[in-house]
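Enquirer: Single-letter residue listing:
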Amino acid sequence: MNKRQINNSMDILGKEEYSNPTKQDRVRSAIINVIVTLGIMTLATLLSVYFRYIGFHESNFIMAYILGVLIVAKQTDGYIYGILASVIGVSSFNFFFTEPYYTFATYRPDYPVTFLIMLIVASITSTLTAKAKQEARLSSLREKRTQVLYEISKGLLKVRSINQISEVGGMALAKIFNCSVIMATANSLNNLNEPFIYTYDNHDRAAIFKSFQERRAAAESFETGSPVGIGTEKYADSSAYYLPIRGQSGTLGVVGVSCFAGKLLTDEQVRLLEAVTTQIALAMERERLSEKQQKAKLDVERERLRSNLLRAISHDLRTPLTGILGSTATILDNDEVLDKKVKRELLQSVQEEASWLIHSVENMLNITRIDEGIALKKNMEAVEEIIAEAISRIKKFASNHIIEIDIPADLILLPMDGILIEQVLINLVDNALKYTPHGACIRIKTQIEGEKAIFEVSDNGNGIQEADIPFIFDRFYTAPTINMGRRGTGLGLAICKSIVTAHGGEISACNNPSGGATFRFTLPLKEGY
Amino acid sequence: MKNKPLILVVEDEKPIRNFMCVSLEAQGYKCIDTQHGKTVVSLVAAHNPEIIIIDLGLPDIDGIEVIGMVRPLTKAAIIVVSARGHEREKVEALDCGADDYLTKPFSVIELLARIRVALRHSNQGRQPEDPSASVFLMKDLKIDLEKRRVFLADDEIHLTPMEYKLLTLMVKYPGRVLTHKFILEEIWGTFSGNDTQSLRVFMANIRRKIERDPAQPRYILTEVGVGYRLADE
Numbered sequence: 001m002n003k004r005q006i007n008n009s010m011d012i013l014g015k016e017e018y019s020n021p022t023k024q025d026r027v028r029s030a031i032i033n034v035i036v037t038l039g040i041m042t043l044a045t046l047l048s049v050y051f052r053y054i055g056f057h058e059s060n061f062i063m064a065y066i067l068g069v070l071i072v073a074k075q076t077d078g079y080i081y082g083i084l085a086s087v088i089g090v091s092s093f094n095f096f097f098t099e100p101y102y103t104f105a106t107y108r109p110d111y112p113v114t115f116l117i118m119l120i121v122a123s124i125t126s127t128l129t130a131k132a133k134q135e136a137r138l139s140s141l142r143e144k145r146t147q148v149l150y151e152i153s154k155g156l157l158k159v160r161s162i163n164q165i166s167e168v169g170g171m172a173l174a175k176i177f178n179c180s181v182i183m184a185t186a187n188s189l190n191n192l193n194e195p196f197i198y199t200y201d202n203h204d205r206a207a208i209f210k211s212f213q214e215r216r217a218a219a220e221s222f223e224t225g226s227p228v229g230i231g232t233e234k235y236a237d238s239s240a241y242y243l244p245i246r247g248q249s250g251t252l253g254v255v256g257v258s259c260f261a262g263k264l265l266t267d268e269q270v271r272l273l274e275a276v277t278t279q280i281a282l283a284m285e286r287e288r289l290s291e292k293q294q295k296a297k298l299d300v301e302r303e304r305l306r307s308n309l310l311r312a313i314s315h316d317l318r319t320p321l322t323g324i325l326g327s328t329a330t331i332l333d334n335d336e337v338l339d340k341k342v343k344r345e346l347l348q349s350v351q352e353e354a355s356w357l358i359h360s361v362e363n364m365l366n367i368t369r370i371d372e373g374i375a376l377k378k379n380m381e382a383v384e385e386i387i388a389e390a391i392s393r394i395k396k397f398a399s400n401h402i403i404e405i406d407i408p409a410d411l412i413l414l415p416m417d418g419i420l421i422e423q424v425l426i427n428l429v430d431n432a433l434k435y436t437p438h439g440a441c442i443r444i445k446t447q448i449e450g451e452k453a454i455f456e457v458s459d460n461g462n463g464i465q466e467a468d469i470p471f472i473f474d475r476f477y478t479a480p481t482i483n484m485g486r487r488g489t490g491l492g493l494a495i496c497k498s499i500v501t502a503h504g505g506e507i508s509a510c511n512n513p514s515g516g517a518t519f520r521f522t523l524p525l526k527e528g529y
Numbered sequence: 001m002k003n004k005p006l007i008l009v010v011e012d013e014k015p016i017r018n019f020m021c022v023s024l025e026a027q028g029y030k031c032i033d034t035q036h037g038k039t040v041v042s043l044v045a046a047h048n049p050e051i052i053i054i055d056l057g058l059p060d061i062d063g064i065e066v067i068g069m070v071r072p073l074t075k076a077a078i079i080v081v082s083a084r085g086h087e088r089e090k091v092e093a094l095d096c097g098a099d100d101y102l103t104k105p106f107s108v109i110e111l112l113a114r115i116r117v118a119l120r121h122s123n124q125g126r127q128p129e130d131p132s133a134s135v136f137l138m139k140d141l142k143i144d145l146e147k148r149r150v151f152l153a154d155d156e157i158h159l160t161p162m163e164y165k166l167l168t169l170m171v172k173y174p175g176r177v178l179t180h181k182f183i184l185e186e187i188w189g190t191f192s193g194n195d196t197q198s199l200r201v202f203m204a205n206i207r208r209k210i211e212r213d214p215a216q217p218r219y220i221l222t223e224v225g226v227g228y229r230l231a232d233e
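Read top to bottom, the protein sequences are chains G and W. Residues 1 to 529 (my numbering) are what the first sequence spells out, left to right. Residues 1 to 233 (my numbering) are what the second sequence spells out, left to right.
Among these hints, one or two may not hold up.
Unchecked claim - Only pairs whose alpha carbons sit at most 25 Å apart, straight line, appear in this in silico DSS-like list of lysine-lysine: (1) G:Lys378 to W:Lys104; (2) W:Lys181 to G:Lys377; (3) G:Lys395 to W:Lys104; (4) W:Lys139 to G:Lys395; (5) W:Lys181 to G:Lys396; (6) W:Lys181 to G:Lys378; (7) G:Lys445 to W:Lys181; (8) G:Lys396 to W:Lys104; (9) G:Lys377 to W:Lys104; (10) W:Lys104 to G:Lys434.
I should point out that these hints are in silico values taken from the structure, not numbers from a laboratory. Fair warning: this is a prediction, and the values are worked out from it, not measured in the lab.
Let the hints inform the model, and build the full structure from the sequences given.
Expert: In structure tokens:
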């Protein structure tokens, strides 16, 4: 997102226009205005004195004063100085240029009329000038406001997530008003989250938002959906102005702008704040909608997986269960007839079926757990310990295979969920056991490469069909096995992939040039994923 | 004739309870069983079993709570049964006073092995100190506890004082799982979750000295997520 652009446009907006001027500033500007007024009127008087010296008619003096008033009205802020200049002009004309000179008295009876007309003319001109000036200022202010809004909405368009929106909006507001801004968004339960506080320039100002009173005011504004705080009826003694962020579906959050030393926001500022808040509300609403959409999509996906899983369970479990039921029924019904050897064979098959069932159910449990989002319990684990434990578990099924281990002499400690990574290794070795002929060699190798630890489980069996490789980590994807005479659940490798991905690693499979297959996965050496 | 050791089985699943009792009795143990965790205290008081096997997933009361109530009453070895993936539960049970654990699904062979280890420990506790016990012997590993020397197939192994301390702690409890917390408290006297990393480093160093292949250890076995176990038998 383009923060700099927003910042630039905020800089166009001079601080004096939207930021609340302090008392000192106001006194200073009044003094400057008075000095300007006096100076210009003195110049008008000097000009008139010069006119009298070269013998001009006295109507020119009046014109000189009116010119002075006009210039004052243009150079100063507000009506007061123009009117002040008019009064000064009339008085000076009276004082310096009417007989008797240097007194406020007059001999000629028509002078008061002159003074009055002069005063009216001067006042009207100065007022008109001031008004024109004011209008020009306002329209440029409006233009700038439009520009600011445009930049903010452009910035808001580029961000994702509610938090980023409130960050961009909060920063922009803090900058425009040159004050601290508090921004709290509503969570899904319609409670206010912990607010974020943004300050511009002055960091210690943020402290005001920490008080309980301010928190209460913000919550009140959120609950009632109306402005609260300084300048309103509720919580008028708080030191900030709170405006709810209102969207179509209700209040989305609340924004607060600090006002120090009891200064209220001007109407103009409130309007700008409302406009920006509307932009923020729009952005948040958009974001909420897209989140909802995303969630709905995920739900559909999850539902699809679940039904797949159910289908697999019902199919894969029925076969062995039928076998178990048949074998046990045979023994119970024909206990007298069957000889010992047959009974033993039947029982052995029951045991095999049952252990396969347990294995499958473990896998299915694992995959549902992963679907619900794995909460990794990461610890610094020693790689050799994990490999050792994985092998000790799988060894009893590996009597027909040779297992070799190749790990570096140096201890490798990695952040990982030990139980899950152990499961990955077990599944990979189990996979190799299933798909390689008896007597094959399975090799587990670990090494460090750059920022990653690499684990490899390779065998010297027949390798993987090239056509299978792209799908091998998909759920329910199985190839005919060699050893067990029964296909797998098609979940083992899918679980491996989910676990490794959750750790921030990658998993892949390939055929070795010298024959056999290699499964390879990486784990980052450092946390930080 | 020697008295048959008495084993109390606390398990709510009838088939599992049945097969445990049948196989235990077939091995010459006496067996009483219950499905209610709440009756355990009175059963222990009445029969004084030598071993209690308890499922942590009982319907009426939390198994860990039962262990907490029973532990002060008896010296019996407590073996907990819990599902795979519930490592935290096992650690909690062990730290509450359980002596060992079995992960479901377990085989009869595993069950009997755990019971033999547990019985050996309770027997050791009763017998007067064997003078030869100052030398620990297992496979090629020989530890002379009196002279503080360690040999592997007659070659002397040089351990640092800390490594020696760790090894002798494990030797005190052969066959039993020791949780990270237990080991850290015994060796360093304190436990703050992050120290497990240094424990792993020490263990790796010991393994490099006494194991031929650290990835297929013969002496110090890892119980991932729980702790360590010194091999037995």
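Enquirer: Now tell me, hint by hint, if it's right for this structure.
Expert: Checked hints:
Straight-line distance between C-alpha atoms of Lys378 of chain G and Lys104 of chain W comes to about 23 Å, which keeps the hinted pair within the 25 Å bound. Pair hint Lys181 of chain W plus Lys377 of chain G holds up; C-alpha atoms about 17 Å apart against a cutoff of 25 Å. With a C-alpha separation of about 18 Å, the suggested pairing of Lys395 of chain G with Lys104 of chain W holds against the 25 Å cut-off. Proposed proximity of Lys139 of chain W and Lys395 of chain G is supported: the alpha carbons are some 20 Å apart, at most 25 Å.
A hinted pair counts as satisfied when its Cα atoms are at most 25 Å apart, and Lys181 of chain W with Lys396 of chain G does not qualify at roughly 30 Å. For a cut-off of 25 Å, the pair hint linking Lys181 of chain W to Lys378 of chain G stands: about 17 Å separates their Cα positions. For the given pair, Lys445 of chain G sits about 31 Å from Lys181 of chain W by alpha-carbon distance, which is inconsistent with the 25 Å threshold. For the given pair, Lys396 of chain G sits about 17 Å from Lys104 of chain W by alpha-carbon distance, which is consistent with the 25 Å threshold.
Proximity of Lys377 of chain G to Lys104 of chain W is assessed by CA-CA distance (about 21 Å); at most 25 Å being required, the pair is judged to hold. Annotation: proposed proximity of Lys104 of chain W to Lys434 of chain G holds, straight-line Cα distance about 24 Å (limit 25 Å).
Hints 5 and 7 from the earlier list are contradicted by this structure; the remaining hints agree with it.
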